[in-house]
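Protein chains in written order, with the numbering used here: chain A, 5 to 364; chain B, 5 to 364.
The set of hints was computed from the structure by calculation and includes no laboratory data. Any given hint could be a false lead.
Which copy? The list can't say, so a pair holds if one copy fits it or any two copies do.
[Unchecked claim] Calculated lysine to any residue pairs in the SDA-like style (CA-CA distance at most 25 Å, straight line): (1) K10 with L64; (2) K154 with E84; (3) K96 with E84; (4) K233 with Y20; (5) K154 with L83; (6) K233 with E17; (7) K96 with G242; (8) K96 with S350; (9) K96 with L83; (10) K96 with M315; (11) K154 with Y80; (12) K154 with P75; (13) K341 with W204; (14) K154 with D70; (15) K96 with H354.
There are 2 protein chains.
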Amino acid sequence: MEKTRKLTVDLGERSYPILIGEGLLQAPNLFAPYIHGSQVLVVTNETIAPLYLKLVIDNLSAYQVDSVVLPDGERYKNLEILNYIFDQLLAKQHNRRTTLIALGGGVVGDMTGFAAACYQRGINFIQVPTTLLSQVDSSVGGKTAVNHPKGKNMIGAFYQPQCVIADTATLNTLDDRQLRAGLAEVIKYGLIGDADFFCWLEENIDLLLKRDSKTLAFAIHRSCENKAKVVSQDEREGGIRAILNLGHTFGHAIETAQNYSDWLHGEAIAAGMVMAAQLSHSLGWISEEDVCRTQALFECCALPVSPPALMTSDQFLELMAVDKKVTDGSIRLVLLKAIGQAVVTSDFDHKRLVELLQRN
Amino acid sequence: MEKTRKLTVDLGERSYPILIGEGLLQAPNLFAPYIHGSQVLVVTNETIAPLYLKLVIDNLSAYQVDSVVLPDGERYKNLEILNYIFDQLLAKQHNRRTTLIALGGGVVGDMTGFAAACYQRGINFIQVPTTLLSQVDSSVGGKTAVNHPKGKNMIGAFYQPQCVIADTATLNTLDDRQLRAGLAEVIKYGLIGDADFFCWLEENIDLLLKRDSKTLAFAIHRSCENKAKVVSQDEREGGIRAILNLGHTFGHAIETAQNYSDWLHGEAIAAGMVMAAQLSHSLGWISEEDVCRTQALFECCALPVSPPALMTSDQFLELMAVDKKVTDGSIRLVLLKAIGQAVVTSDFDHKRLVELLQRN
Numbered sequence: 005m006e007k008t009r010k011l012t013v014d015l016g017e018r019s020y021p022i023l024i025g026e027g028l029l030q031a032p033n034l035f036a037p038y039i040h041g042s043q044v045l046v047v048t049n050e051t052i053a054p055l056y057l058k059l060v061i062d063n064l065s066a067y068q069v070d071s072v073v074l075p076d077g078e079r080y081k082n083l084e085i086l087n088y089i090f091d092q093l094l095a096k097q098h099n100r101r102t103t104l105i106a107l108g109g110g111v112v113g114d115m116t117g118f119a120a121a122c123y124q125r126g127i128n129f130i131q132v133p134t135t136l137l138s139q140v141d142s143s144v145g146g147k148t149a150v151n152h153p154k155g156k157n158m159i160g161a162f163y164q165p166q167c168v169i170a171d172t173a174t175l176n177t178l179d180d181r182q183l184r185a186g187l188a189e190v191i192k193y194g195l196i197g198d199a200d201f202f203c204w205l206e207e208n209i210d211l212l213l214k215r216d217s218k219t220l221a222f223a224i225h226r227s228c229e230n231k232a233k234v235v236s237q238d239e240r241e242g243g244i245r246a247i248l249n250l251g252h253t254f255g256h257a258i259e260t261a262q263n264y265s266d267w268l269h270g271e272a273i274a275a276g277m278v279m280a281a282q283l284s285h286s287l288g289w290i291s292e293e294d295v296c297r298t299q300a301l302f303e304c305c306a307l308p309v310s311p312p313a314l315m316t317s318d319q320f321l322e323l324m325a326v327d328k329k330v331t332d333g334s335i336r337l338v339l340l341k342a343i344g345q346a347v348v349t350s351d352f353d354h355k356r357l358v359e360l361l362q363r364n
Numbered sequence: 005m006e007k008t009r010k011l012t013v014d015l016g017e018r019s020y021p022i023l024i025g026e027g028l029l030q031a032p033n034l035f036a037p038y039i040h041g042s043q044v045l046v047v048t049n050e051t052i053a054p055l056y057l058k059l060v061i062d063n064l065s066a067y068q069v070d071s072v073v074l075p076d077g078e079r080y081k082n083l084e085i086l087n088y089i090f091d092q093l094l095a096k097q098h099n100r101r102t103t104l105i106a107l108g109g110g111v112v113g114d115m116t117g118f119a120a121a122c123y124q125r126g127i128n129f130i131q132v133p134t135t136l137l138s139q140v141d142s143s144v145g146g147k148t149a150v151n152h153p154k155g156k157n158m159i160g161a162f163y164q165p166q167c168v169i170a171d172t173a174t175l176n177t178l179d180d181r182q183l184r185a186g187l188a189e190v191i192k193y194g195l196i197g198d199a200d201f202f203c204w205l206e207e208n209i210d211l212l213l214k215r216d217s218k219t220l221a222f223a224i225h226r227s228c229e230n231k232a233k234v235v236s237q238d239e240r241e242g243g244i245r246a247i248l249n250l251g252h253t254f255g256h257a258i259e260t261a262q263n264y265s266d267w268l269h270g271e272a273i274a275a276g277m278v279m280a281a282q283l284s285h286s287l288g289w290i291s292e293e294d295v296c297r298t299q300a301l302f303e304c305c306a307l308p309v310s311p312p313a314l315m316t317s318d319q320f321l322e323l324m325a326v327d328k329k330v331t332d333g334s335i336r337l338v339l340l341k342a343i344g345q346a347v348v349t350s351d352f353d354h355k356r357l358v359e360l361l362q363r364n
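Extracted from the complex, chain A is given alone in its bound form:
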């Protein structure tokens, strides 16, 4: 087993560690330091359960362990399925000192975190992300939520886990499409605030696509560092944290239009990031070469670089109008001043946005 990498998300009394390493789930008493009561509920989905649920449960023999297996997919991230978690907690009489373990990708993490935020007005939880996307993004930072038919992540809470445990070995069972979707978020960190990392990614993208273990571990660590730095400054997204949403306002509109059933989140935001780069270029903020480099890196990963053909500009504008980033009418977007320098702004020529949406 390689050395475990560890970093801390610094949030005062809500600080927590992120552990990254190959084979971590095999480590004895892995969870013990982060469990306070005598009960644990493992929340996972039907894809992950056959692969890792037993491994996790075997590591929890000192506790009352129950589990709930959710259907797999973003379209099940809603209040109705969330209630399955509460049903199980109450059926098995879990009290306020119980701990939830989120074993799975972003959907499992978001739902488990939100269930932990709400059950008995707040219990502890641990993130065990098993996809690249959740290891570098959704499991870090305390954003939890479910979707509403009219908008993604509209119902949720900021709620921090006790720890995040990212076992890179779980990525070996990830299908290629999921791996590539995760790389979209990795590339995002380069684009928004880490130009060196963007260059490193251009050089190492093939090794990442081949799942080279050390290269992946470095990319995950660097992504989490980037995210932790931003989240520490602005836990509840009052300001700077919004830069983490590069490509997301476009991407969420795509996902909502598809009812979360077609493109993966990483695919939607890849297209969204290219759109943000194109808009930044048409505003004269970045060069055409920067747009090409951005697009090329996503293309290396076989990710979409333009929105679905059937989406109209009106559809985009309507869906973007309910996005959480909207403040009293004006659409705020994350745009690029350079590769490695994103800004959150509503101070741009709205006509250019409409042109972009009509062109695509």
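Assemble chain B onto chain A, guided by the hints.
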């Protein structure tokens, strides 16, 4: 109009004022200091809407005002009905800077507060309680929740309002049963920490039942003061705040057994407080006279002083086992060391509890 009484719940950056006064809802620009964005959604129920919704909306002409009218009753305090609020917020494109106004009793306040805690991961809200119970209890302190078929208030959040506006004139439209249920919570503050107030209540209970406006305003103010003092010390109920639950572990079991459709919350906890007093006496902690005084005061209000005839001790024990106050197996209760001195403890002879439940 009488002088407006004002007190502050001191919670650092989450501090907020409680305004108490007759005819407050008629005051121009009442809400303006507490609304930050340009949108407001008033949440109320079918009983309150015909009485006060227009009055509130007329006071909000400077904003985009929408409203949602929920069915009336504790049995509708669930995730499904909660979703009506999200539906309306999204249908009318409310953004992150919108403000919810909870216009109604405890159910409306609990649901609106929880909706505010969750919508877009947290928006502002204002409590406008229109029942005595909600003016002295549920609208103060930031506990928000919905029920689950297996337990009351099991899904919720600690989430503080921008302010609480208690217009005592709204109590004139309250039916007698609701008024008396509210007095149960008022009496609770005397029992748990304010012996002088308990004596004052013994002397003034007739005036309160006759809805004497000044007497009511004093009782509401004193109750809120008592509650605010406890909440300021322990916002998230890590310790001392649990004393506010005197009678509630028994009371919640009663409400859950009845599926929230028979006794009112105040009625259930009145019986629960008498049970807590009886148990305290059988443990040798308070005198028989103290039990009699307690019971007599509830009887003056025509409130129940024993549990429903059909509930068995087994039913009580099973329902009490999932109560939020349970910590790793042992039932913790709020009991009395004297009138005006409650304690939270699991350190009592469990046999006496079983005897009490079998006797009733």
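To see whether the hints hold, each was checked on the structure:
1. Within a single copy, K10 and L64 get their C-alpha atoms as close as 22 Å, which meets the 25 Å cut-off; across copies the closest is 52 Å, which misses it.
2. Both within a single protomer and between protomers do K154 and E84 lie at most 25 Å apart by alpha-carbon distance, with minima of 15 Å and 16 Å respectively.
3. Taking identical chains as interchangeable, the C-alpha atoms of K96 and E84 lie at most 25 Å apart whether they share a chain (19 Å) or sit on different chains (22 Å).
4. Proximity of K233 to Y20 under the C-alpha cut-off of 25 Å is restricted to the intra-copy arrangement: shortest distance 13 Å within a copy versus 32 Å between copies.
5. When the C-alpha separation of K154 and L83 is checked against a cutoff of 25 Å, the pair qualifies both within a copy, at 13 Å, and between copies, at 17 Å.
6. For the identical chains of this complex, K233 and E17 are neighbours both inside a copy (16 Å) and across copies (24 Å), given an alpha-carbon limit of 25 Å.
7. In this assembly of identical chains, the alpha carbons of K96 and G242 lie at most 25 Å apart only when taken from different copies (23 Å versus 38 Å within one copy).
8. Within a single copy, K96 and S350 get their C-alpha atoms only as close as 49 Å, which misses the 25 Å cut-off; across copies the closest is 21 Å, which meets it.
9. Within a single copy, K96 and L83 get their C-alpha atoms as close as 20 Å, and across copies as close as 20 Å, so both meet the 25 Å cut-off.
10. Proximity of K96 to M315 under the C-alpha cut-off of 25 Å is restricted to the inter-copy arrangement: shortest distance 22 Å between copies versus 46 Å within a copy.
11. For a Cα distance limit of 25 Å, the shortest separation of K154 from Y80 qualifies both inside one copy, at 14 Å, and across copies, at 23 Å.
12. Taking the shortest alpha-carbon separations for K154 and P75, both the intra-copy value of 21 Å and the inter-copy value of 23 Å come in at or below 25 Å.
13. Within a single copy, K341 and W204 get their C-alpha atoms as close as 20 Å, which meets the 25 Å cut-off; across copies the closest is 68 Å, which misses it.
14. In this assembly of identical chains, the alpha carbons of K154 and D70 lie at most 25 Å apart only when taken from different copies (17 Å versus 33 Å within one copy).
15. Proximity of K96 to H354 under the C-alpha cut-off of 25 Å is restricted to the inter-copy arrangement: shortest distance 22 Å between copies versus 53 Å within a copy.
Going down the numbered hints, you'll see the structure goes against none, and every one checks out.
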